[in-house]
Amino acid sequence: MYPPQQSAYDRAITVFSPDGRLFQVEYAREAVKTGTTSIGLICAEGVVLIAHKRIYSSLLIEQSHEKIYAIDSHIAAASSGLVADARKLVDYARLEAQNYRLTYDEPISVDTLAKSIGDHIQFFTQYAGVRPYGVSLLIAGVNSESRLFETDPSGALFEYRATAIGSGKKIVEELFEKEYKDRMSLNDAIKLALKGLKKCVEEKLTASMVDITFISNEGVMKVYSKNEIAAFLGGKD
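No gaps in the numbering here: position 110 of the sequence shown is 110 in our numbering, and each next residue is one more.
Hints in this document: simulated from the structure, not taken from any laboratory.
Even for Gly, the Cβ is constructed at its ideal location relative to N, Cα and C.
You can take every hint at face value.
Straight-line Cα separation of at most 27 Å, DSSO-like style, residue types lysine-lysine; simulated pairs:
(1) K198 with K181
(2) K222 with K191
(3) K195 with K33
(4) K170 with K181
(5) K33 with K191
FRET-style restraints, in silico, Cβ to Cβ:
(6) T103 with V220: 20 to 26 Å
(7) S185 with A128: 46 to 52 Å
(8) A156 with E218: 27 to 33 Å
(9) L95 with K178: 36 to 42 Å
(10) S73 with A231: 23 to 29 Å
(11) Y56 with Q98: 28 to 34 Å
(12) E218 with V15: 47 to 53 Å
(13) E218 with D105: 18 to 24 Å
Sequences and hints are given; from them, build the entire structure.
Here you go:
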């Protein structure tokens, strides 16, 4: 049971603690920290997303367990945290992208979509009767240049050249600070991301546990096959 003086701050999303904290938002961040690791990197050829998937059962149909989602033809998102919350945010993002195309007859820019998603997430930290999204997204895409954004359960939005979310965030970012280089090749970027994943995954990493999506500087999206991923991992499942 919570101490009486703290319970109101714990239960009400609209109540700040005396030191300026929103506990429900902080708890939502904990859900992200326990999620599987997703990684994004900008490279010379475009931007790439790599995500780790937990396979709980040999009976699971792999295609039903997504970690990277196509938002538009030139934008994709990877998630970490509550899967159902990720699905709701992805549905919102897809609708925003479609509405923009219908209204302006052109694709939405990556930063415009990212800001819209951040505003939507922030709404759920401000009103009673709702809870924060327990998920973070990496939003990657190309307009005139490659862009990579990270959302936070508070609604905060950050832009990166390379970053990670989920349980392996700290391990991967420490690796990137040492080894990531601007304008590195796509193959080198994928190898670096997989090196980071291997450091934060206890079991042997196999192709069925990884999703990779690449968006080229021309705005063309490619989803890597399991055989292609296995080749990067040094062999087949």
